[in-house]
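Note that the protein sequences, when read in sequence, are chains A and B. Sequential numbering from 1 applies to the first sequence in this note's numbering. Sequential numbering from 1 applies to the second sequence in this note's numbering.
What the hints contain is simulated information worked out from the structure, not anything from laboratory work. It cannot be assumed that every hint is accurate.
Claimed, not checked - Restraint-style ranges between C-beta atoms, simulated for each label pair: (1) 17/B <-> 234/A: 36 to 46 Å; (2) 115/B <-> 241/A: 13 to 23 Å; (3) 166/A <-> 103/B: 30 to 40 Å; (4) 163/A <-> 314/B: 22 to 32 Å; (5) 217/B <-> 101/A: 26 to 36 Å.
Said to hold, decoys possible - Facing chain B, a subset of chain A residues (Cβ under 7 Å, in silico): (6) 89; (7) 90; (8) 175; (9) 264.
Stated by the list, open to error - Which stretches of chain B does chain A cover? Using the computed rule of at least three CB atoms under 8 Å from a CB of chain A, they are: (10) 17 to 24; (11) 64 to 77; (12) 137 to 145; (13) 297 to 308.
Just so you know, even glycine gets a beta-carbon here, dropped at the ideal spot from N, CA and C.
So you can see what is in the structure, the chains are spelled out below.
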Amino acid sequence: MTEIKPEQGPMAPSDDSLFPTNQAVEGEIIAPEGSMVATVDDTHAAGLELKVRSQWSYARMRFFRHRLALIGLFGLVVIFSAGIFAGFIAPYTFEEIDLNNILQGPSHAHYFGTDALGRDEFTRVVWGIRTSMEVGVFVALVSTFVGLIIGAVAGYYGGWLDNLLMRFTDLVLTLPLLAVLLTATALLGQGSQWRVSLILVFFFWTGIARVVRGIFLSLREKEYVEAAKASGAGDARLMFRHILPNTLGPIVVNATLAVGTAILVEAALSFLGFGIKPPTPSLGVLVSEARANPEQWWLTVFPGLTIVAIVLCVNFVGDGLRDALDPTQRRMRA
Amino acid sequence: MLTYIVRRILYSIPVLFFSTFLSFIFVSYAGNPLAQLKQNPRFSPQTIENMTHQLHLDMPVIQRYFLWLQDVFTHKLGNSLYTGQALWPQITRTMGHTAQFIIISEVLALILGISIGIYSAIRQYSVFDYVFTSISFLGFAMPTFWLALLLQIAFTDIFLHYNIRIFYTSGLNSLPGGPAWSWDRMQHLALPIATLCIISFALYSRYMRASMLDVINSDYVRTARAKGVSEWRVIMRHVFRNALIPITTVAALNFGALLGGAIVTETIFSLDGIGFFFIQSLATLDLYAVMAYLLITAIAVVVFNLIADIAYGFLDPRIRYD
Numbered sequence: 001m002t003e004i005k006p007e008q009g010p011m012a013p014s015d016d017s018l019f020p021t022n023q024a025v026e027g028e029i030i031a032p033e034g035s036m037v038a039t040v041d042d043t044h045a046a047g048l049e050l051k052v053r054s055q056w057s058y059a060r061m062r063f064f065r066h067r068l069a070l071i072g073l074f075g076l077v078v079i080f081s082a083g084i085f086a087g088f089i090a091p092y093t094f095e096e097i098d099l100n101n102i103l104q105g106p107s108h109a110h111y112f113g114t115d116a117l118g119r120d121e122f123t124r125v126v127w128g129i130r131t132s133m134e135v136g137v138f139v140a141l142v143s144t145f146v147g148l149i150i151g152a153v154a155g156y157y158g159g160w161l162d163n164l165l166m167r168f169t170d171l172v173l174t175l176p177l178l179a180v181l182l183t184a185t186a187l188l189g190q191g192s193q194w195r196v197s198l199i200l201v202f203f204f205w206t207g208i209a210r211v212v213r214g215i216f217l218s219l220r221e222k223e224y225v226e227a228a229k230a231s232g233a234g235d236a237r238l239m240f241r242h243i244l245p246n247t248l249g250p251i252v253v254n255a256t257l258a259v260g261t262a263i264l265v266e267a268a269l270s271f272l273g274f275g276i277k278p279p280t281p282s283l284g285v286l287v288s289e290a291r292a293n294p295e296q297w298w299l300t301v302f303p304g305l306t307i308v309a310i311v312l313c314v315n316f317v318g319d320g321l322r323d324a325l326d327p328t329q330r331r332m333r334a
Numbered sequence: 001m002l003t004y005i006v007r008r009i010l011y012s013i014p015v016l017f018f019s020t021f022l023s024f025i026f027v028s029y030a031g032n033p034l035a036q037l038k039q040n041p042r043f044s045p046q047t048i049e050n051m052t053h054q055l056h057l058d059m060p061v062i063q064r065y066f067l068w069l070q071d072v073f074t075h076k077l078g079n080s081l082y083t084g085q086a087l088w089p090q091i092t093r094t095m096g097h098t099a100q101f102i103i104i105s106e107v108l109a110l111i112l113g114i115s116i117g118i119y120s121a122i123r124q125y126s127v128f129d130y131v132f133t134s135i136s137f138l139g140f141a142m143p144t145f146w147l148a149l150l151l152q153i154a155f156t157d158i159f160l161h162y163n164i165r166i167f168y169t170s171g172l173n174s175l176p177g178g179p180a181w182s183w184d185r186m187q188h189l190a191l192p193i194a195t196l197c198i199i200s201f202a203l204y205s206r207y208m209r210a211s212m213l214d215v216i217n218s219d220y221v222r223t224a225r226a227k228g229v230s231e232w233r234v235i236m237r238h239v240f241r242n243a244l245i246p247i248t249t250v251a252a253l254n255f256g257a258l259l260g261g262a263i264v265t266e267t268i269f270s271l272d273g274i275g276f277f278f279i280q281s282l283a284t285l286d287l288y289a290v291m292a293y294l295l296i297t298a299i300a301v302v303v304f305n306l307i308a309d310i311a312y313g314f315l316d317p318r319i320r321y322d
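Based on the sequences and whatever the hints tell you, model everything.
Spelled out as structure tokens, the structure:
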């Protein structure tokens, strides 16, 4: 397969990505292998070195050349490691009250200042990251798994299950999501992180199920599936071996973006006082507590900025994955 | 077309019925609204028993759902479980306020989002495009409540330190019950409007840009250019009008999210809107008020989805409903 530089300039087709990776990055990353965006002549000259590449290695290359996706990935690794190692990083303990140092501005002793009880805001934010991260990843993983199975079965078999699924998603779509979630967490959440996460899963899986169902519906009619069926493949093999791999791209992208959405929604619920409640650390609760001290800007700014940073990084990675996992996009992005 | 509309409306009736039924069961099983009264020594067990009977709380949930449904039609949504006041006047009053600031912010967000989306698409990869793409990316990652709080804190601080009143940071009017359309009201609504506007703007400018780029690269635009049509005319007549079609759907489907945004902004800016009303009812477990909110907003969402579908059919003649 020769790789031909895609046409550039304002008419470059189907370029819906946000920031194209620029030339400088290309030189640095790809240099060892020679130019990936070789012209036809270059490819002929180096013809012997061409190797067969799998769909996944193409995807990996496209992802690692997406500058913003790399920035996002790096940011996520930094922020999430802070969350995972919260116990080691945090200079104080989460509930350590120091009444001699209340409402102090950011300093060397307290990077993000202290709150109305003299608790170190940096420590609280780091523990808050951990909670947000757990909620986001849990909701994304579980709802993707549930949505994947239900969507696959509904799309493949059709019938009453498909009907039930579509009616249920209609039901979920008729109500304003935040209001329903607020009602659910207010009455069933009890301020517990896991209960709130489960409630989020209950309303998040339908999105993935719809996507998977759509792909299964269109693919089960394809010739290659028919051919596999003719050669004796059973339902399970058709579904998981032949159709499922084709849905992985959209699923991975959706699951990634769901992490960001879940974190935003959890923060909003907790901020309004119906999500996760103290003593569990939550970034939304931190912002809501800061309302009592509007003069102390750091109490509002740092927890909020952390949410923005996490979601921004997640969205960058999701965008990079979307571009990388599109199998019709064989060309390298220039 | 007419049969399609009628069929959609008929279809949404059972959907609304089931979603309210589920919410009702859900809300009534979750907690006893009289639990707080029971702990109050001034209420004797006898009084509470009488109240339970009066409010039909001793009946099976299914029966109570149908009683509630009856109230919805015969008594305009019924009365609050707590105060006993009629819900309808409260709903209409708060909804008026919410509608006022939601509509203004949506119109602004659409105008800004569409024009900036067009310009970003024409000047793809220019500095302008990068700046606004970054802004919209930030808008996607920004929690509404945080943006609202930052605006509130900034303008409160300006007032406290320099004694300059640019915008008010809470309430609807300086005097309770002030006029709905006045300079004073706009000063109060400016920050809530800005909050919702920034969040929606991020969405619309992204969609408009992508949709413009889609159309710009299509064959008929190439043909128009090849015919020698002026660039302005190509953009305005051939690209812009076709790129607008997906935006109508996005705008209508965004309505549910807007109601969520209204809950947050109204709570922060203490606006007497329907979202704030909902949060207060939820905090007191006022079953009927919560149900009234869910019903009204569910109807609104269904209507907006229907409008989106119908508008799509009118704008895009390739789509046929039958």
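To see whether the hints hold, each was checked on the structure:
| no. | hint | in the structure |
| --- | --- | --- |
| 1 | 17/B <-> 234/A: 36 to 46 Å | holds (41 Å) |
| 2 | 115/B <-> 241/A: 13 to 23 Å | violated (50 Å) |
| 3 | 166/A <-> 103/B: 30 to 40 Å | holds (32 Å) |
| 4 | 163/A <-> 314/B: 22 to 32 Å | holds (30 Å) |
| 5 | 217/B <-> 101/A: 26 to 36 Å | violated (60 Å) |
| 6 | 89 | violated (23 Å) |
| 7 | 90 | violated (22 Å) |
| 8 | 175 | holds (5 Å) |
| 9 | 264 | holds (6 Å) |
| 10 | 17 to 24 | holds (count 4) |
| 11 | 64 to 77 | violated (count 0) |
| 12 | 137 to 145 | holds (count 8) |
| 13 | 297 to 308 | holds (count 5) |
The structure fails hints 2, 5, 6, 7, 11 (numbered hints given earlier, in ascending order).
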